[in-house]
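There are 2 protein chains.
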Amino acid sequence: MTEQLLETVARVAEPDEAVSIDELRLAARNSGLPLEALRYDVTPLGMHYLLVHYDIPHVDAGAWTLRVSGAVERELAISLEELRSRERVTTRVTLECAGNGRARLLPRPVSQPWLEEAVGTAEWTGTPLAPLLAEAGLLPSAVDVAFTGHDHGMERGVEQDYARGLSVADATAPELLLAYEMNGVPLPPQHGAPVRLVAPGWYGMASVKWLREITVLEEPFDGFQNTVAYRLKQSADEPGEPVTRIRPRALLQPPGFPDFMTRTRLVDTGRHVLTGRAWSGMAPVSGVEVSTDGGATWAAASLGPSAGRWAWRSWSYEWEAAEPGAAVLCCRATDEAGNVQPVEQPWNRQGMASNLVQRVPVVVRAPQT
Amino acid sequence: MTEQLLETVARVAEPDEAVSIDELRLAARNSGLPLEALRYDVTPLGMHYLLVHYDIPHVDAGAWTLRVSGAVERELAISLEELRSRERVTTRVTLECAGNGRARLLPRPVSQPWLEEAVGTAEWTGTPLAPLLAEAGLLPSAVDVAFTGHDHGMERGVEQDYARGLSVADATAPELLLAYEMNGVPLPPQHGAPVRLVAPGWYGMASVKWLREITVLEEPFDGFQNTVAYRLKQSADEPGEPVTRIRPRALLQPPGFPDFMTRTRLVDTGRHVLTGRAWSGMAPVSGVEVSTDGGATWAAASLGPSAGRWAWRSWSYEWEAAEPGAAVLCCRATDEAGNVQPVEQPWNRQGMASNLVQRVPVVVRAPQT
Numbered sequence: 001m002t003e004q005l006l007e008t009v010a011r012v013a014e015p016d017e018a019v020s021i022d023e024l025r026l027a028a029r030n031s032g033l034p035l036e037a038l039r040y041d042v043t044p045l046g047m048h049y050l051l052v053h054y055d056i057p058h059v060d061a062g063a064w065t066l067r068v069s070g071a072v073e074r075e076l077a078i079s080l081e082e083l084r085s086r087e088r089v090t091t092r093v094t095l096e097c098a099g100n101g102r103a104r105l106l107p108r109p110v111s112q113p114w115l116e117e118a119v120g121t122a123e124w125t126g127t128p129l130a131p132l133l134a135e136a137g138l139l140p141s142a143v144d145v146a147f148t149g150h151d152h153g154m155e156r157g158v159e160q161d162y163a164r165g166l167s168v169a170d171a172t173a174p175e176l177l178l179a180y181e182m183n184g185v186p187l188p189p190q191h192g193a194p195v196r197l198v199a200p201g202w203y204g205m206a207s208v209k210w211l212r213e214i215t216v217l218e219e220p221f222d223g224f225q226n227t228v229a230y231r232l233k234q235s236a237d238e239p240g241e242p243v244t245r246i247r248p249r250a251l252l253q254p255p256g257f258p259d260f261m262t263r264t265r266l267v268d269t270g271r272h273v274l275t276g277r278a279w280s281g282m283a284p285v286s287g288v289e290v291s292t293d294g295g296a297t298w299a300a301a302s303l304g305p306s307a308g309r310w311a312w313r314s315w316s317y318e319w320e321a322a323e324p325g326a327a328v329l330c331c332r333a334t335d336e337a338g339n340v341q342p343v344e345q346p347w348n349r350q351g352m353a354s355n356l357v358q359r360v361p362v363v364v365r366a367p368q369t
Numbered sequence: 001m002t003e004q005l006l007e008t009v010a011r012v013a014e015p016d017e018a019v020s021i022d023e024l025r026l027a028a029r030n031s032g033l034p035l036e037a038l039r040y041d042v043t044p045l046g047m048h049y050l051l052v053h054y055d056i057p058h059v060d061a062g063a064w065t066l067r068v069s070g071a072v073e074r075e076l077a078i079s080l081e082e083l084r085s086r087e088r089v090t091t092r093v094t095l096e097c098a099g100n101g102r103a104r105l106l107p108r109p110v111s112q113p114w115l116e117e118a119v120g121t122a123e124w125t126g127t128p129l130a131p132l133l134a135e136a137g138l139l140p141s142a143v144d145v146a147f148t149g150h151d152h153g154m155e156r157g158v159e160q161d162y163a164r165g166l167s168v169a170d171a172t173a174p175e176l177l178l179a180y181e182m183n184g185v186p187l188p189p190q191h192g193a194p195v196r197l198v199a200p201g202w203y204g205m206a207s208v209k210w211l212r213e214i215t216v217l218e219e220p221f222d223g224f225q226n227t228v229a230y231r232l233k234q235s236a237d238e239p240g241e242p243v244t245r246i247r248p249r250a251l252l253q254p255p256g257f258p259d260f261m262t263r264t265r266l267v268d269t270g271r272h273v274l275t276g277r278a279w280s281g282m283a284p285v286s287g288v289e290v291s292t293d294g295g296a297t298w299a300a301a302s303l304g305p306s307a308g309r310w311a312w313r314s315w316s317y318e319w320e321a322a323e324p325g326a327a328v329l330c331c332r333a334t335d336e337a338g339n340v341q342p343v344e345q346p347w348n349r350q351g352m353a354s355n356l357v358q359r360v361p362v363v364v365r366a367p368q369t
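Line by line, the protein sequences give chains H and Y.
Numbered by UniProt numbering, the letters in the first sequence go through residues 1 to 369 in order.
Numbered by UniProt numbering, the letters in the second sequence go through residues 1 to 369 in order.
Derived by calculation from the structure, the hints in this document are not laboratory data.
Only a predicted model underlies this, so the values are computations on that prediction, with no experimental measurement involved.
Glycine residues also receive a C-beta, built at the ideal position from the N, C-alpha and C atoms.
Check the hints yourself; a few may be wrong.
[What the hints assert, rightly or not] Simulated restraints, written as ranges between beta carbons of each label pair:
id, chain 1, residue 1, chain 2, residue 2, range
1, H, Asp293, Y, Pro324, 51 to 61 Å
2, H, Ser316, Y, Arg359, 43 to 53 Å
3, Y, Trp347, H, Gly325, 36 to 46 Å
4, H, Ala307, Y, Pro140, 51 to 61 Å
With the rest of the complex left out, here is chain H (with noise of 0.2 Å):
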């Protein structure tokens, strides 16, 4: 057991290799959205995804104080009610995690095996990161700027307490959030109370829950979390590009009705408005495509209005099942910088931000009498 804890490399399992009790202890602690909850524009509290590395910790919101430190012209240390008390602000930001669709790569990366349901869209009210940055006074010679948590581990053989770092760009984003609240209620404790960092557009490795310290950096961030864990790379040896904004990618919300074991779905012959999301941290997300036929052929979708720049869009896309019988059904988005969905994996070791379409088996039955 000593020696498992001190593996400093993930494993990749056996090509035939079904999921170990680790992935599925996993997978039992991190839950995902129910597909069907992309109905929603705001997901329901509860249904939102929820990656937590270690435990959730218990952090008195009274006792909380955030330290902004390092290399500012002025240290800070802010209470609950002075975060509060500042410009108030709230965003509808749609976050995935970076590891969403792991579990259908082949080989696989053994980690938290999501499949597709690592995603979800909050309200997030807080107050914005750069004039709070700006107040502290970033020292010419900063480079990047650490956020931490309280959540406290081990991760292959380095024990940590949850750290991320961004550039002093990237940091200073108008958009970035200190959040308080999700869809206006105090944040839950899964979720990061008493405050986290919301970081839009960015994979939910970047918006640090449970945060406790912001540390002003003159040297590039080396923390496990930006130097090992979230790198996109094809063997276990190469240090690999950094995971940052996510990709674009469209879900749909699974029509007709399901078989338990299987989850594949029940739809009869005829007409089926087919809706989802699509997303991009990349650029706004210009089209959606859908394929009946498993990916052979496709045709666009309508967008539904925009919701802002951050958060999901919705679309829908006319479908007449002439004909019982198997089918897959595929959807795939593209953004304005011209990033497509990949109908082939974009497999990589760790298996980081795969946005490989989705897949959704149905069974067209002729209508019951």
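Model the placement of chain Y on the given structure of chain H, informed by the hints.
Chain Y only, in chain H's frame:
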């Protein structure tokens, strides 16, 4: 695929068979209690376990009506407003899924693969069911009362709305509620909005969500969920016994901090106060024992105050972790009826009502300098 949908018997995994994608897909949807949330008397919204057989339906609360029909003197059709104007009661109830522990069984019945996290405690507010049934007037010929939800799906070849029956005696017990609030807010969609049954003491399958109809029957209810799904049996071809009330169980809040991938706990040598919860639907909890040597020896834990008959009870135990090395922590509950948690698995063909003792692997280490 169609053949798989028509399988009428649930499968049992081969002894060495790992978790399938079908099981993982269910685990990704059906969220469990993160064990550190055992610290809360009342589970915060979003951390209570959730088991949804089919899809979470969208039910319009404004148009919602509860029908009461069958062997009654007068049929009723009740709006949400009318329901809310009736006697209002709040009860703290621990609910547990009947499938909790299934994925620990060897061989493993293939279904929703819970480890031990399918539990939660909420404050349910609603109106007692018994007076409403009295108002409808049960005929002397009444035998069972069936509760039908709006959730629709296919299960082992049977298309159905989720429905469960209770005997008249069980259905008219004073503790049963038609609940419309959870922890002081309207029921979230995933917990049965706008109204669900809450049957304290029973495994969760009895507490029908998205309730739409109550039917009083003059014959025993023969629906799938009573006669096929929730049965205790050793072989696939026997009828088995019904799953009813929650067997005693204790869980401990894992101490120390976790390794990300294995969830193994790291604790320093020295004194630790182990805490947890215990419950039984069969009788009040009378004791909890703790083992720090994997079940070889047991010692009594201290019980906290009762929080009412239907809620879990806290307990604590002082553990002196004297020597560095691996250890396995266990706990087991006993109730006033003399039911004790087993240390050998209570295996059955469908993996129901397993209350096998929890095992929490820890690594004790010398204090860090």
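Structure-based check of all given hints:
1. About 60 Å separates the C-beta atoms of H/Asp293 and Y/Pro324, a value consistent with the hinted range of 51 to 61 Å.
2. With their beta carbons about 49 Å apart, H/Ser316 and Y/Arg359 fall inside the hinted range of 43 to 53 Å.
3. At roughly 40 Å, the beta-carbon separation of Y/Trp347 and H/Gly325 lies within the given 36 to 46 Å, and the hint holds.
4. A hinted range of 51 to 61 Å for the beta carbons of H/Ala307 and Y/Pro140 is consistent with their spacing of about 58 Å.
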